[in-house]
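Trainee: Listed here are the chains, written in short residue letters.
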Amino acid sequence: MKNMLAAWALAALTTQAMAWPEKSPESTKPSSAVTASATALAKSVDSAVAAKCKESGIALSPRATDAEFLRRIHLDLVGKIPAIEKARAFLDSNDPEKRAKLIDELLASPDFGRHMADIWQTLLLSKNSTARRLDTGVFVDWLAHQFNENRPWDGMVHDIVMAKGPQDKNPATTFWLSQVSVDNMTDTVCKVFLGVQLQCAQCHNHPFTGWKQDEYWGLAGFFLNVRAQPPGNKQTTSPVVAETKSARNRRNALPESAKMVPPKFFRGEVAKLGTGPEIRPVFAEWLCGENNPYLARAMVNRLWAQMFSRGLVHPVDNIHDGNPASHPELLEDLTQRFKSGRFDVKAFIKGLCLSETYQRSSKPVEGNKEAVIDSYARMPVKVLTPEQMYDSLQMVLGVATGPAARKMAAAGPKGGKGARAQFVAFFAGEEDAEATEYQAGIPQALQLMNAARMNSPAPALKLVSGASDPAVAVETLYLATLSRKPTSAEVAMAKEHAKKMDTPRQAPADLLWALVNSSEFATNH
Amino acid sequence: MTSIIDIAAASGLNRRDAMRLSAAGVGACSFSGWLPVLARAEAKLKSNAKACIVLYMDGGPSHKDTFDLKPESQGAGEFKPIGTSATGVAISEHLPNLAKQMHRIALLRGMSTPEGAHPRAKYMLHTGYREGQGGIQYPSLGSIVSSEIGKPDLAIPNFVCVGNRAYGAAYLGPRHQPLVVNDPSKGVENLKTALGMGQFDKRVGLLEQMEAGFRKEYPVGAGVDHQVNYQRAVTMMKSREAAAFDLSKESEAIVAKYGSGKFAQGCLMARRLVETGVKFVEVNLGGWDTHENNFERVKNLSATIDKPIAALLDDLSSRGMLDSTLVVWMGDFGRTPKINQRGEKPGRDHYPRAWTSFMAGGGVKGGQVIGRTDKEGGTVEDRPISVLDFMATVCTLMGIDHTKQIQTSIGRPIRIVDKGAKLIEVC
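Protein chains in written order, with our numbering: chain G, 339 to 863; chain W, 1245 to 1671.
Careful, some of the hints might be misleading.
As the list claims (entries may be wrong) - Derived coverage of chain G by chain W (criterion: at least 3 residues anywhere in the stretch with Cβ under 8 Å from a Cβ of chain W; other residues may be distant):
(1) 497-511
(2) 530-542
(3) 605-611
(4) 639-648
(5) 689-703
Hints in this document: simulated from the structure, not taken from any laboratory.
Think of the CB as a built atom: it goes at the ideal place given N, C-alpha and C, for glycine as much as any other residue.
Make the full structure from the sequences, and use the hints.
Mentor: As structure tokens, then:
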């Protein structure tokens, strides 16, 4: 308790979301106050997790090796594996502070924002047939910029909820443009910003939570006047989000289950509205206001899930009394810290990553082999998302992955899908799949094994061109793909394989092929 | 609210009977005279079909210019009806081969569906649910079939889609995703290695060693699933069944019988796949969105489908497969009974209120017409068929309980087909 108070006092010192130095990579160090509050947050995580494991008699796995940490932190913070030189430098460094420094460096990298944008555009934009015509690139850019600038989360959410005007002037409108109906808007706002799944209450009172159908339509009432039309097939002007004069126009678009009730805050009071058509400001004020406990908690749970594969409350957007958190006090504590830290996303993530819990090995030990995943006695093994897979493959196969190249790959010619978007669409799994669940099927495996670019010997030959002897060549290929050095048994295995080759050129290509097709490459362990 | 199950229990029916009652749509409507309803809907359907081929007409074919001609109506159009092998049934003059197959086909002229925009209509006709309903994604019929009656040990996926757009497995998971074949003449993409098979095997051997090592250190489900998936893919590459994707294995006579073009090749591949044990094949044909130049285009499209579908039915029959293979012909919706004169050449617009689909094989009684539209072809006067009726009927013919609930990943129970379906009397 004393610790907690001290941590709050420290957190209170951070009176505003501090500037993270983005432009000069030499000075990626955030302020000492941020580091102090992040360290306190990490301690809080560790004591809660350790206490519960102790209580259940579960042993904790040891600290992850540098290699495990290196690969994990890159995939979690910038969405791709490290470049080979970076991997080598990190593993060879004797600096005791190298992990903390790497966390700061990655949080300051522009790739952090891109990776966050990948995650959040999927959550924020509804996938439906009409929204497919939308240009989502501007929104992804906007999100990336917000996260890189470390906009406080409540401010970002406020911008999104209030967004109006033409899409090319205000990219945040894309959120509304993708939601094709009032119930669609309500569902997404609930899931993403409040962390609750209210959609069952659209047609009937919720069976588990006591949420009434009126509650759903009370919330939906805030969006009845939002007019957001995705562009038509032949439309040349930018689509616009606006407010209609009255809700009546939209009534036809409502499902049969719709109930006309006055706008009411979630689990709260009926809203006091002005006389104008705009009711969104009233909602935005409540959503991002001091008295709404849901926004901070939902984000805390999501950020936890981004690092630890699942929310403290699981499923991540299904927070309700009947579905308690694995560590309820920790969730409460983290929520308070996030709020008193002014919704500082980078500082919060830094805290999580500094924790021993995050830096624990995912290998089981005696005493936690059967442990439930949400004991966090060892790090859960996550499966690479399609975006992480694509970007990591690019790192290995030697294609540029800078922001400009990414933009090209995302846009593609003639407004069609670029290579990255095609890959992501092809590998996309089930919408609400667990992060620990393998989602690819046979067609995806066939592509990774047999597509032309997976079989070109050039990348492997380029990687090993400077290698003085076979052992160094093998080490290079392991570092380039798995970000670790091979064991002696693995070197022996590779040499054994090379003996079977008709020509020496084939050996490195075979090894690289097997490495990128392995489960170790496909997972974040 | 008291459920049908409770009422049934009170009246001495067991749970199974009660499930049947709700299957017959009794739960939703009035209780007077429900027993005869139950008897009529349940008695006639068999569950013969072991596989299903859906011929999907993307864009929405004009019912008045294909299978529901109205020569006396205002927007009659240019085509003449011709007699068929089924007494009293007439179809378009541009479908002469199908006319000879009509004794095998049950025409469903009472299709009446709610969605009039392509993407939403397609979504609903593939999943049975309105897009976005209840805030979740729904699995397509092919994925449902794969998950319910698919053979888990088949070397190739139980759901194959020939054409470039597929509706997926949603909460049923990756094992039931469709395998998409874009171009039937080329088969499955990336099915063959560019290396020699010896080299490929050496690589796979190396990979297997790595997998064993990783699994020892990190014993997690994802690693196992990854390894199993790769093994399935390699098995498929080397399998006898993969030959089903290779049309060059067919005799010239058979290839000629189906005719040329992607759709004809798709029909032939569908037969090969079903023969191999695949449970659900969808063959897609686009181009039916005939807002302009309707008559010329429908005439050409009719020629595209006429010979291949007739050949498919004949071929299935001569191989003794027709009775166990359900063939379904359908589209997004029908087209307006009135002809629009907006463009240079007359066209017809979207029309979901009344349209035609057909079923053949799989125990369906051929030579019959179910449902009737009015003299303009604009309103269903007898036996309207909803999407739910249609989906439930296909499921039942395949021995799938359409009332069954499946848990989504968040544990939410979702019925295979939503409440309110009335089985169509096709058998």
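Trainee: Has the region 530-542 of chain G got at least three residues whose CB is nearer than 8 Å to a CB belonging to chain W?
Mentor: holds (count 5)
Trainee: Count residues of the region 497-511 of chain G with a Cβ under 8 Å from any Cβ of chain W, then say if the count reaches three.
Mentor: With 0 residues in contact (Cβ-Cβ under 8 Å with chain W), the coverage given for the region 497-511 of chain G is violated.
Trainee: Taking a Cβ-to-Cβ distance below 8 Å as contact, does the region 639-648 of chain G have at least three residues touching chain W?
Mentor: violated (count 0)
Trainee: Between the region 689-703 of chain G and chain W, are there enough contacts, at least three residues with CB-CB distance under 8 Å, for the coverage claim to hold?
Mentor: Holds: 3 residues of the region 689-703 of chain G have a Cβ under 8 Å from chain W.
Trainee: Take the region 605-611 of chain G, compare each residue's beta carbon with every beta carbon of chain W, and decide whether three or more fall closer than 8 Å.
Mentor: violated (count 0)
Against the hints set out earlier in the document, violations occur for numbers 1, 3, 4.
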